[in-house]
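Chains as they are written, first to last, in the numbering used here: chain E, 1 to 405; chain P, 1 to 249.
Just to be clear, a hint being listed does not mean it is correct.
With a Cα cut of at most 30 Å, we get these calculated DSBU-like pairs of lysine-lysine [to be verified]: (1) P:Lys75 x P:Lys61; (2) P:Lys218 x P:Lys50; (3) E:Lys344 x P:Lys218; (4) P:Lys50 x E:Lys344; (5) E:Lys302 x E:Lys238.
Don't read these hints as lab results, they were simulated from the structure. Please read all numbers here as calculations on a predicted model, not as lab measurements.
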Amino acid sequence: MSSVVFREIESRGKGYYGILAALGVVILAGLAAAYNMETRGHIITGMNQQIVWGLPHVFAVFMIVAASGALNVASIGSVFGKSMYKPLAPLSGLLAIALLVGGLTVLMLDLGRPDRIVTVAMTHFNFSSIFALNVFLYTGFMTIVAIYLWTMMERRMNPFTKAAGVAAFIWRLLLTTGTGSIFGFLVARQLYDSALLAPTFIVMSFAYGLAIFILVLMAAYNWTGREIGDVIMMRLKKLLAIFIAAMLYFVAVYHVTNIYYAERRAVEAWLLLHGGIQTELFWIGQILVGSILPLVILFHPKWGKSRAMIASACGLVIVGGLIQMYVTIIGGQAYPLVLFPGMKESSTFYDGVVHPYYPSGYELFLGLGGVAIALFIVAVGIKVLRFLPESLEDHVVRAHHGEGH
Amino acid sequence: MSEVNKERRQLLGAGAAVASLVVAPGVFLVTAGKGRADEEAGEAGPQWGKVRWGMLVDTAKCSSGCTQCVSACDKENHLSGETLPTSSQWIRKMELTDRETGKSYSLPMMCQHCDNAPCVDVCPTGASFKRWDGIVSVDRHLCIGCRYCLMACPYKARSFVHHPVTDQNPDVPRGQGCAESCDFCKHRIDEGQIPACVEACGSTGGGALLFGDLNDPKSEISQRVATIATLQVRADLGTEPAVRYEGIL
Ligand code: SF4
Ligand code: SF4
Numbered sequence: 001m002s003s004v005v006f007r008e009i010e011s012r013g014k015g016y017y018g019i020l021a022a023l024g025v026v027i028l029a030g031l032a033a034a035y036n037m038e039t040r041g042h043i044i045t046g047m048n049q050q051i052v053w054g055l056p057h058v059f060a061v062f063m064i065v066a067a068s069g070a071l072n073v074a075s076i077g078s079v080f081g082k083s084m085y086k087p088l089a090p091l092s093g094l095l096a097i098a099l100l101v102g103g104l105t106v107l108m109l110d111l112g113r114p115d116r117i118v119t120v121a122m123t124h125f126n127f128s129s130i131f132a133l134n135v136f137l138y139t140g141f142m143t144i145v146a147i148y149l150w151t152m153m154e155r156r157m158n159p160f161t162k163a164a165g166v167a168a169f170i171w172r173l174l175l176t177t178g179t180g181s182i183f184g185f186l187v188a189r190q191l192y193d194s195a196l197l198a199p200t201f202i203v204m205s206f207a208y209g210l211a212i213f214i215l216v217l218m219a220a221y222n223w224t225g226r227e228i229g230d231v232i233m234m235r236l237k238k239l240l241a242i243f244i245a246a247m248l249y250f251v252a253v254y255h256v257t258n259i260y261y262a263e264r265r266a267v268e269a270w271l272l273l274h275g276g277i278q279t280e281l282f283w284i285g286q287i288l289v290g291s292i293l294p295l296v297i298l299f300h301p302k303w304g305k306s307r308a309m310i311a312s313a314c315g316l317v318i319v320g321g322l323i324q325m326y327v328t329i330i331g332g333q334a335y336p337l338v339l340f341p342g343m344k345e346s347s348t349f350y351d352g353v354v355h356p357y358y359p360s361g362y363e364l365f366l367g368l369g370g371v372a373i374a375l376f377i378v379a380v381g382i383k384v385l386r387f388l389p390e391s392l393e394d395h396v397v398r399a400h401h402g403e404g405h
Numbered sequence: 001m002s003e004v005n006k007e008r009r010q011l012l013g014a015g016a017a018v019a020s021l022v023v024a025p026g027v028f029l030v031t032a033g034k035g036r037a038d039e040e041a042g043e044a045g046p047q048w049g050k051v052r053w054g055m056l057v058d059t060a061k062c063s064s065g066c067t068q069c070v071s072a073c074d075k076e077n078h079l080s081g082e083t084l085p086t087s088s089q090w091i092r093k094m095e096l097t098d099r100e101t102g103k104s105y106s107l108p109m110m111c112q113h114c115d116n117a118p119c120v121d122v123c124p125t126g127a128s129f130k131r132w133d134g135i136v137s138v139d140r141h142l143c144i145g146c147r148y149c150l151m152a153c154p155y156k157a158r159s160f161v162h163h164p165v166t167d168q169n170p171d172v173p174r175g176q177g178c179a180e181s182c183d184f185c186k187h188r189i190d191e192g193q194i195p196a197c198v199e200a201c202g203s204t205g206g207g208a209l210l211f212g213d214l215n216d217p218k219s220e221i222s223q224r225v226a227t228i229a230t231l232q233v234r235a236d237l238g239t240e241p242a243v244r245y246e247g248i249l
């Protein structure tokens, strides 16, 4: 890594601290929301006995999935030996840890009894629960990525980067599989009972993580007046396009295979055709905004070269990703459980009807607070440590690339 | 389907074992769900699996207007009886209509006390557990309110306590922010009584509920399920419920 100089970002006075302050405010709003939810109970949220996981889970699962995806850039560099990506690896690792911390914070603050995280959740484990396993997958991920970062940033440790990178890569696959399996094991919920859910989550994590990575990279370089050359930008862009296309493919296969199961045809018809808000969110949000539009932008001969348009494409992927999580998590619960196939069901407990969900401001702020925590960690990280190469201009990247490995 | 699920569960168990070996060497401060339940059995005396409490619902005797079981449950366990989207409901009356023939049924639905209980499998802390006598319930001191069990239960039998709890039955501790569900009135069973719903159905209802030990071949319930056709709801999922329904096949 001799030709690439890493440097902490220079404080740009007001601008930088302004961002930190703004993020701080959102974090405080999130904590205030969590405090209210804990003291007054989930009754103040829009969740109920039908929609038991709400908006906080949408944000949390999105961030956790994106976390493992954000690590891809580093993996491509160290695991697959593409040296062009190596200068980006430290930021990629930092982003992965930050997103995971943000997501987990939301997940924990959304518990009915967050006061029991230390007293119970960390001392009592039921190892047949994917949730309990995830506690280890998540802490393990953070540890391994931290070690990986250390091997990259500490010259003496450089020889171990590859090994740490491979470990981190394998661990990230486990982690996303674990997250996807949270839903995959809910056999009674027709939209979740699919072995395809875990691999689909992995592909989604590639796209979401990279979109966030590109945006953060562009923002950090913009604000500090550093340069990203076309070579690296076009590489990242192409990679993102491939991930989005793969994601679309997996989503299509998932729904088509579901339609083959006679018993799942009703739920698929509901989601894809007449599910009201969920159908609209799926087609307009997840498919059009989150996949098709970004693909068009990235492949467009002119737009695909504009930095602003590439940034918008990344933004769309992120918005589409959040909507996809909404459809997966809320939509999967909104459709009623089928207890007696072939029967029309009704009861005082809302059997047989599609369940509405009106998220509250508390849930929204808790979710946004988690996002702010992740961004705050990144902002502080690149300031105090040398995560970002001083320059990613073409000649620097080429020189480094040419040097090979 | 049931086989698939069993396999899945076994795989999950194996995966869990491997992961716990790999991931947490030396971190065995662990209390697994089953171990705890065994301990309880130790205190209570009888061994694991000797008794399996179960219920048989005769849908022919259960009528659509009757809610005696529900009222009795609310009274016994000090539930509000409200039916808001956020209210806890441990037992509910379901009305069914066959989409093809138009025949309708009415029946109570509550925790089915599954032998392979998804709610127990997914619970991260072991708060959701199966007792030595097959009763599934939530230890409200271990529940962190993650609501994974509500997501996993195929029968929508679990509730999450949204509303503040007041006026509790000391025998049935509840807690805001925790999950809960029908526990066959285990506090009554431990005193030799039958669940409140079964009692109420027998006295003022249609007498549609039969309660007893499925593992005792001489019990009335065992003899009935051995001779007539009964249905386990969503048997395809392999959960092996202890509640069975007759007259609806
Ligand atoms: S019915 Fe639901 S709550 Fe009761 S044991 Fe089965 S999975 Fe658990
Ligand atoms: S809500 Fe409570 S009982 Fe249910 S899975 Fe979570 S910790 Fe276990």
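Structure versus earlier hints - violations, ascending order:
Those not satisfied are hints 3, 4.
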